[in-house]
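J.: Going down the list, the protein sequences come from chains Y and B.
All residue numbers for the first sequence refer to our numbering, where the first residue is 267 and numbers rise by one.
All residue numbers for the second sequence refer to our numbering, where the first residue is 267 and numbers rise by one.
Simulated from the structure, these hints should not be mistaken for laboratory data.
Values in this document were obtained by computation on a predicted structure and should not be read as measured data.
Be a bit skeptical, because a hint or two may be false.
Across the chosen pairs, the derived CB separations fall in these ranges [as the list claims (entries may be wrong)]:
#1 B:A392 with Y:E577: 14 to 22 Å
#2 B:P538 with Y:V510: 51 to 59 Å
#3 Y:P542 with B:D537: 17 to 25 Å
#4 Y:L502 with B:D543: 46 to 54 Å
#5 Y:D541 with B:P542: 25 to 33 Å
#6 B:D543 with Y:G559: 48 to 56 Å
#7 B:D537 with Y:D541: 20 to 28 Å
#8 Y:P542 with B:E343: 52 to 60 Å
Taking lysine to any residue pairs in the SDA-like style, the calculated list, with each CA pair at most 25 Å apart, reads [what the hints assert, rightly or not]:
#9 B:K415 with Y:L502
#10 Y:K530 with B:E438
#11 Y:K524 with B:S516
#12 Y:K415 with B:H610
#13 Y:K530 with B:H610
#14 B:K591 with Y:S453
#15 B:K505 with Y:H518
#16 Y:K530 with B:G515
#17 B:K498 with Y:E438
#18 Y:K524 with Y:D543
#19 Y:K415 with B:F609
#20 Y:K498 with B:A412
Glycine residues also receive a C-beta, built at the ideal position from the N, C-alpha and C atoms.
Number of protein chains: 2
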Amino acid sequence: MARTGNKRVFAQYPASSFPFEKEQDMRTRVTELLGIEVPIIQGAMAWVADGRLAAAVSEAGGLGVIAAGSAPIAWVEEQIGIARSLTTKPLGVNVMLMSPQAAEVAALLARLRVEVVTTGAGSPSAFIEDWKAAGCKVVPVVASSALAKRMERAGADAVIAEGCEAGGHIGELTTMVLVPAVCEAVSIPVIAAGGIADGRGLLAAFTLGAEAVQMGTRFLTIEECGISDAYKERVLVAKDSDTVVTGRGSGHPVRGLKNAFARKARVLESDPSLDPDELESLYAGSLRRAVQGDVENGSLMAGQVACLVHERKDARHVIEGLMAKAQQLAACDLDALADANAFHGQAY
Amino acid sequence: MARTGNKRVFAQYPASSFPFEKEQDMRTRVTELLGIEVPIIQGAMAWVADGRLAAAVSEAGGLGVIAAGSAPIAWVEEQIGIARSLTTKPLGVNVMLMSPQAAEVAALLARLRVEVVTTGAGSPSAFIEDWKAAGCKVVPVVASSALAKRMERAGADAVIAEGCEAGGHIGELTTMVLVPAVCEAVSIPVIAAGGIADGRGLLAAFTLGAEAVQMGTRFLTIEECGISDAYKERVLVAKDSDTVVTGRGSGHPVRGLKNAFARKARVLESDPSLDPDELESLYAGSLRRAVQGDVENGSLMAGQVACLVHERKDARHVIEGLMAKAQQLAACDLDALADANAFHGQAY
Numbered sequence: 267m268a269r270t271g272n273k274r275v276f277a278q279y280p281a282s283s284f285p286f287e288k289e290q291d292m293r294t295r296v297t298e299l300l301g302i303e304v305p306i307i308q309g310a311m312a313w314v315a316d317g318r319l320a321a322a323v324s325e326a327g328g329l330g331v332i333a334a335g336s337a338p339i340a341w342v343e344e345q346i347g348i349a350r351s352l353t354t355k356p357l358g359v360n361v362m363l364m365s366p367q368a369a370e371v372a373a374l375l376a377r378l379r380v381e382v383v384t385t386g387a388g389s390p391s392a393f394i395e396d397w398k399a400a401g402c403k404v405v406p407v408v409a410s411s412a413l414a415k416r417m418e419r420a421g422a423d424a425v426i427a428e429g430c431e432a433g434g435h436i437g438e439l440t441t442m443v444l445v446p447a448v449c450e451a452v453s454i455p456v457i458a459a460g461g462i463a464d465g466r467g468l469l470a471a472f473t474l475g476a477e478a479v480q481m482g483t484r485f486l487t488i489e490e491c492g493i494s495d496a497y498k499e500r501v502l503v504a505k506d507s508d509t510v511v512t513g514r515g516s517g518h519p520v521r522g523l524k525n526a527f528a529r530k531a532r533v534l535e536s537d538p539s540l541d542p543d544e545l546e547s548l549y550a551g552s553l554r555r556a557v558q559g560d561v562e563n564g565s566l567m568a569g570q571v572a573c574l575v576h577e578r579k580d581a582r583h584v585i586e587g588l589m590a591k592a593q594q595l596a597a598c599d600l601d602a603l604a605d606a607n608a609f610h611g612q613a614y
Numbered sequence: 267m268a269r270t271g272n273k274r275v276f277a278q279y280p281a282s283s284f285p286f287e288k289e290q291d292m293r294t295r296v297t298e299l300l301g302i303e304v305p306i307i308q309g310a311m312a313w314v315a316d317g318r319l320a321a322a323v324s325e326a327g328g329l330g331v332i333a334a335g336s337a338p339i340a341w342v343e344e345q346i347g348i349a350r351s352l353t354t355k356p357l358g359v360n361v362m363l364m365s366p367q368a369a370e371v372a373a374l375l376a377r378l379r380v381e382v383v384t385t386g387a388g389s390p391s392a393f394i395e396d397w398k399a400a401g402c403k404v405v406p407v408v409a410s411s412a413l414a415k416r417m418e419r420a421g422a423d424a425v426i427a428e429g430c431e432a433g434g435h436i437g438e439l440t441t442m443v444l445v446p447a448v449c450e451a452v453s454i455p456v457i458a459a460g461g462i463a464d465g466r467g468l469l470a471a472f473t474l475g476a477e478a479v480q481m482g483t484r485f486l487t488i489e490e491c492g493i494s495d496a497y498k499e500r501v502l503v504a505k506d507s508d509t510v511v512t513g514r515g516s517g518h519p520v521r522g523l524k525n526a527f528a529r530k531a532r533v534l535e536s537d538p539s540l541d542p543d544e545l546e547s548l549y550a551g552s553l554r555r556a557v558q559g560d561v562e563n564g565s566l567m568a569g570q571v572a573c574l575v576h577e578r579k580d581a582r583h584v585i586e587g588l589m590a591k592a593q594q595l596a597a598c599d600l601d602a603l604a605d606a607n608a609f610h611g612q613a614y
């Protein structure tokens, strides 16, 4: 990047006119490990993160990730095929470890030699050996430094430290605390997730010690994301108070946008005489309903950061814009940051 | 601060040997507004933040804040007197708006012309006019952008956006999301709180748009803080998973360190046949018990960031160390940050 003796000069440029330089690509241990151009990973969102979305993010220089979720194996293989037809760049697949098919998905990824495997909702220790034998990089999502240490010992190549502001299944610790805590606990690279959707969040994550970020919600609204327009609109208009956590009582809390589905789930959960079948039937198919456009009765998974997502764009524009803004802010010393903040970002 | 054409050079210095320069003081709208030297405010912690602690932080260049909490008016006036005898620098007092004595405390602060009034647990609109007539700066704590907007309209001079990783009474939004969301919502300066205890957190907060930070947990362990050594030790040994939220069901969630008190509170809360008197008697005096050293039966309020607090020191050393580290990190461009993070902070 351009270096200057007077960094304040950068604060004068609005983001749109900031001179774009290709040398902005930030090299970290994560970009080296995964063979990607920018330290940005697209979060795996069940029924949302398909081959087309993942390919778009990978093609734009980040890492696209297909969410296997609890989808049929044939669907997962099909989506990997779609992604492979759209890009030759590295690709990730996320294994949801609570899925009854986790072992089958795990075997598929080893057989297809998917470049990167991320995992959620548990410990992937049982599969790591096979994945590494197949040449896959293994990157588990963790919600505490204790699990991060276990993953490092089990052979993980990096970990994704995901704060509870994220959408979907969440833990207890916030990104602001979890990222530095995990950085203190392990030597492998740490990828920050949760609450990141713009250049400020990106640089804040790097400041906290991360060597890449993972963003889910930010990619929900991009052109290459196949969810319904109605779902995208809900994300775009979301206020900061518009997400809610359901399932806290069950020990599997999930964050999504407030709607009729979430209200009903909260009411059912708080009923001590609850018939588990009723809750089960509410949840069945709820993610797909949202993806297909039923934004009242579907589960609209999204993170708190939905309130900071204001535009659609495509993967390339999102990634280039984020890196340019992060670079511009990184060029500010404390005085320049103070100047910029006095205008609440309007100077950018 | 020193400017250089090659910012990478800063990454070579370990923190301890980083050349300390007095010009590191960061001027923001908050330092100007409050008449302080560094943009660091000490969070008001009931029964913890007394005149001696507040004076130490103000004397070190930040803003010390006495917590009126639900203490007797005479105690609040006494603590203001103690602080005034120890420093001539600006002083803050926090009004806990749920206290039955809030109006009396409010009148006292106007009468004594305390430089800065911060408020928690509600809207201080009814008192703002009197405080401003007395020359007090008014800085409410907010947990959403909607409340921030209301406070700006009511005449607040700045707001403290406190994320749910904080200790004590908490909201729902995390610092990572709340700070930029509030910055988008208001024009007055935003002070970030929750999850900040070191130079990385400080700079991350400035990156997110804050013009100052408020830290509570970080000041619990300093020499001038009068809590028991046993309480300080619990903070120093805390792991990231060692805080817990009680009171979620009651609508007044509070974060503190796990201990017998917190376990008992959680058990009582989850009992649908709960006798409210039993919970009431558990809570009565619980904060004072902790301050005085009963770390099992007292309420050990602390934020998630306790896991990042590793040292005692005094107010001056803490503040100087934080500013030096933030300055050093702010001098890094993206490549220098990547280098530093590859060593997980060990290079500093």
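J.: All hints, please: hold or fail.
T.: Here is how each hint holds up against the structure:
1. B:A392 with Y:E577: 14 to 22 Å: violated (40 Å)
2. B:P538 with Y:V510: 51 to 59 Å: violated (22 Å)
3. Y:P542 with B:D537: 17 to 25 Å: Because 21 Å falls inside the window, the suggested range holds.
4. Y:L502 with B:D543: 46 to 54 Å: holds (48 Å)
5. Y:D541 with B:P542: 25 to 33 Å: At 29 Å between Cβs, range holds.
6. B:D543 with Y:G559: 48 to 56 Å: holds (51 Å)
7. B:D537 with Y:D541: 20 to 28 Å: Holds, at about 22 Å.
8. Y:P542 with B:E343: 52 to 60 Å: 57 Å Cβ-Cβ, so the 52 to 60 Å window holds.
9. B:K415 with Y:L502: Roughly 20 Å separates the two Cα atoms, so the pair holds.
10. Y:K530 with B:E438: Judged against 25 Å, a Cα distance of about 20 Å means the pair holds.
11. Y:K524 with B:S516: holds (21 Å)
12. Y:K415 with B:H610: Holds, at roughly 14 Å.
13. Y:K530 with B:H610: Given pair Y:K530, B:H610 is violated - Cα atoms ~44 Å apart, limit 25 Å.
14. B:K591 with Y:S453: Measuring from Cα to Cα gives roughly 21 Å; hence the hint holds.
15. B:K505 with Y:H518: holds (22 Å)
16. Y:K530 with B:G515: holds (17 Å)
17. B:K498 with Y:E438: Answer holds: B:K498 to Y:E438 is near 23 Å, not above 25 Å.
18. Y:K524 with Y:D543: holds (22 Å)
19. Y:K415 with B:F609: holds (16 Å)
20. Y:K498 with B:A412: holds (23 Å)
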